[in-house]
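Asker: Below are the chains, spelled out letter by letter.
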Amino acid sequence: MKRVDKTVKMKKISKGGKFFFLAFDQGLEHGPSDFDEKTIDPEYIIDLSTKMRITGIILQKGLAQKYSENFIKNVPLILKLNGKTSMTKTEPFSPQITSVKEAVEMGADAVGYTVYVGSERENEMFEIVGKIEEEARDYKLPLVIWSYPRGHAIKNPKSFESVAYAARVALELGADIAKIHYTGDKNSFNEVIKAAGRCKVITAGGPLEPLEAFFKDAEDIMNAGASGMAVGRNIWQHDDPIKIADKLATIIFDD
Amino acid sequence: MKRVDKTVKMKKISKGGKFFFLAFDQGLEHGPSDFDEKTIDPEYIIDLSTKMRITGIILQKGLAQKYSENFIKNVPLILKLNGKTSMTKTEPFSPQITSVKEAVEMGADAVGYTVYVGSERENEMFEIVGKIEEEARDYKLPLVIWSYPRGHAIKNPKSFESVAYAARVALELGADIAKIHYTGDKNSFNEVIKAAGRCKVITAGGPLEPLEAFFKDAEDIMNAGASGMAVGRNIWQHDDPIKIADKLATIIFDD
Amino acid sequence: MKRVDKTVKMKKISKGGKFFFLAFDQGLEHGPSDFDEKTIDPEYIIDLSTKMRITGIILQKGLAQKYSENFIKNVPLILKLNGKTSMTKTEPFSPQITSVKEAVEMGADAVGYTVYVGSERENEMFEIVGKIEEEARDYKLPLVIWSYPRGHAIKNPKSFESVAYAARVALELGADIAKIHYTGDKNSFNEVIKAAGRCKVITAGGPLEPLEAFFKDAEDIMNAGASGMAVGRNIWQHDDPIKIADKLATIIFDD
Amino acid sequence: MKRVDKTVKMKKISKGGKFFFLAFDQGLEHGPSDFDEKTIDPEYIIDLSTKMRITGIILQKGLAQKYSENFIKNVPLILKLNGKTSMTKTEPFSPQITSVKEAVEMGADAVGYTVYVGSERENEMFEIVGKIEEEARDYKLPLVIWSYPRGHAIKNPKSFESVAYAARVALELGADIAKIHYTGDKNSFNEVIKAAGRCKVITAGGPLEPLEAFFKDAEDIMNAGASGMAVGRNIWQHDDPIKIADKLATIIFDD
Amino acid sequence: MKRVDKTVKMKKISKGGKFFFLAFDQGLEHGPSDFDEKTIDPEYIIDLSTKMRITGIILQKGLAQKYSENFIKNVPLILKLNGKTSMTKTEPFSPQITSVKEAVEMGADAVGYTVYVGSERENEMFEIVGKIEEEARDYKLPLVIWSYPRGHAIKNPKSFESVAYAARVALELGADIAKIHYTGDKNSFNEVIKAAGRCKVITAGGPLEPLEAFFKDAEDIMNAGASGMAVGRNIWQHDDPIKIADKLATIIFDD
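Residue numbers (my numbering), protein chains in the order written: chain A, 1206 to 1460; chain B, 1206 to 1460; chain C, 1206 to 1460; chain D, 1206 to 1460; chain E, 1206 to 1460.
What the hints contain is simulated information worked out from the structure, not anything from laboratory work. The model shown is predicted, which means the values in this text are computed figures rather than measured ones. A virtual CB, placed ideally from N, CA and C, is assigned to each residue, including glycine. Be a bit skeptical, because a hint or two may be false.
[What the hints assert, rightly or not] Reference listing, derived: stretches of chain B covered by chain A, where coverage requires no fewer than 3 residues with Cβ under 8 Å from a Cβ of chain A: (1) 1226 to 1238; (2) 1284 to 1298; (3) 1449 to 1457.
Given only the sequences and the hints, what does the whole structure look like? Please build it.
Answerer: Right, here's the structure in full:
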């Protein structure tokens, strides 16, 4: 039996066991419509990231390569291996566009892959993530699975049933961290976290929310037992991203 | 000619030639709806397994990795190589998510793969299991084929004709153990077992049944000539799983 | 140029240039409905095979492995590399479930693969058999192509036109032996055999026939110039299989 | 930069820069209906080929292997890597059934592959021929691309526009020789040949034509600037194939 | 972390940081209908290219191989790895027909691949370009991504939203140079260029335009901040291509 100890990298992308990731893969997933005059320049957000108390930045290979000098020594890199545009609407699928080996060469401290559970193409994504998990183990690299219920068979992707199933799928597939939707409710989310067992749970971000509601959710999420959050637009679409991130860090790290 | 002797591992996962496996792959196949407050925590069931007179536990890679320390020295591991959720209903197919090599690295004593015979995608599963069988032989690892008639062409998946065909398929594909449905009738199941020839036959579990009926079936199954059973919900959904498992062990091992 | 001489194995699976194979792959292709109380046990037929004057037995990997000790020293093994059940009816296709390398490791003296010419998936089977032929040449192993016209475009799979085309396909694809349908008529079958050129032609079996008609066909087939026959049900579904096989051997070997 | 010089093999399959190939892949593409009592035997045509002033014979792997001794020392071999039957009518596609490596082992002096430009599966054929071209360069083996406009989008496969496009496709894909339809007109065909640039152009054969028309076309084709012809049925379906081939050689080699 | 410095090749295919490529892949993409009596001969355009102040010529493998001696010492080679004809209209897809390794062997200074963002087959192209990007990094070869919004879901492929998204996709996928449509408007195109971040932006060509409009666009494109242009028909469909190219060079290099 081969022992695989991912502790070194798990510590690198966390603080006190908690994860706070800046999500910045929207350029591919949503396109420039998410950006304004400042955020359209990747350098702006990437430079900001070095001033935040985050434990990692989520990037696609292009930004990780072209802006490496701006962040690589200061911010751990969670490299997302899959991506697609939002231009077309077919049954959800996540093509792999970066190999684990390539991620390692870019200095990644963890890799991520999105599984759309319940999609008609779920089986293809399971095959892909199966190989990614195996390769990540060889490199002792944490695996983050974005586990989202989606596809025409999914009526309510954020219901307790859907989210709890998605969390469990991440555990069963070998994820170290499950990035899932928040159910919107502290109690049900606590159950979701139990379903994920020893797989750490962090919440995925979403579109811009009013500040008060956003921080309230963050507190509930962490109180429900989550291990952290991945946030993008709710940070960098604000006027003072550093301040928002700082407040969020206080909630996540509970300091 | 290359001789492949799987005796060492076959002995490890049996007792007196009989197999008693605790099935615990439902977290992926069915989702958390199978669990209650206790069973939602994988550790609860996995720890229980070390106190049962079972000859193996069936797990997906995620649990096998994350809970290895809890069971690996005490309970043989049957690693299931395929998995899917029950969220979508397309023609049945089993994506492979774990390689035989990876299973070996996790300390598996046997590997399992599900074939949905009669599915329109049967041919793809046959190709996959063909390679798994070859690789398992190289590692001298027993192969368990879950052989279930399923798909829109299958009218009655538990009829004698369906089950007997499924059993024979497992033999022809090189399985060491066929995990199949019980026909519900001792006599017909004895014929099913003959159709499987030198491939050992064990029955698959199912949803919770009344205790009396469950044990009656277990006795009939073993009397019909089966080599064992794989049981999940009928054990760990009960209040006293250890007691149920003990009674079942008595039936299976005939002691 | 690399010379590939398959003479050693071709001699092993023939007698006086004639082939007489016992077909026993029905357990996968048709299921247990082909069997009765005796034949349901693979050992019964396999043991019988050692007492027949046959030049080979056709088996799937499962039987070849599990019953190796019963026949491997006495009966040459023609290992069938593909297989499917008859449970579903889609456009015909032959998934490969055993590699040539694995066949060699099992002690095979020849390998077989089924091509459904005229199927919409013909192109996939041609790609597969192309690689099998190449690998079989490397191992100097004869290749038997089951060449059957089938699919919704095929009106009459046993017409002279269909069978002659199928025979030629086997030759063009590099088969050493073409296993094809009998046209039912000595004269037309003689033309079929010419179309196959230096590829040996043997006939495929079929469901149980009255003895007289069966032997009459066998004589016509051999008189038409065939190199042999592969027979299954017409032998082992009879009360006295040894006797039938003996009579057939007399016809095939012309002794 | 790696220099690849295919001169040796290009000279071997030509005479004075002109190509005259005997096409004999019809057994697979059309089936035995192209043959009569004599031509049904591959040996007849292959033996004839050794007596013709041709610069190559086009064969599938099966005939190349089984009849090697009959021609390999006297007639250069153009091995066709793809093939299909005419039994089914789906959107045209060319499965590869022989590898370049295998062709080399059979003593091939050039390899051929068919691209159906305009087919809905054009993209798959382009991927396949891309790899074949790369491998053929490694072996310094000329690549002949059969470039035929075909598929439900193609209204007139022999129009100037279609044929000129097909010729250019062969050049762009890296063919050394484009085997294309004759437009039926010397002037337009001269334009087609220009579109192919430094890729040599030879014409594909077709069904039997009256002798006078056939030779007139041959003269026009060569006068238009073609580098040769590949002819099958118009030679071996005649009573005196040697005589026809001789006359054609005179036209092609202009001697 | 592995550092990949593509500076050497990036300098080779630029002048003062600007790119001026002669596009000559139309023979495959559009067919001979783009050509006249002069341009039908690839040698004519390729020879002209050596007399232009361009920083690279875009070719498919066929022309790069067959006309290598005409340009390889004088003009940098941007090898296009994908191609298709315009004969059929299915959901857009780019089959890869040349490997990066093969491009290197042909002396390529950069490689190109076309991504049709928004196509139903976008995911397949993302997988392909993911591997190309990885391989190109190994060879320190610049990657040009043709990033075109296309497919039945795309209403307006040249709108600001479409083009900006396409530009960002190229950056995120790891392109060094994005070859995109011009929005037709200097101000919006400046925003597009910002969305591409550190990925250089060049414009794709198009059908022949009136000279005045063409040069006006070129000036606007360069003033908007583009890094260059790839032009084909607007150069070589003119009577005096050298003169047009010279004028364009003056605009692009701003000398």
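Asker: Now tell me, hint by hint, if it's right for this structure.
Answerer: Status of each hint after checking the structure:
no. : hint         : verdict
1   : 1226 to 1238 : holds (count 6)
2   : 1284 to 1298 : holds (count 8)
3   : 1449 to 1457 : violated (count 0)
Checked against the numbered hints given earlier, this structure breaks only hint 3.
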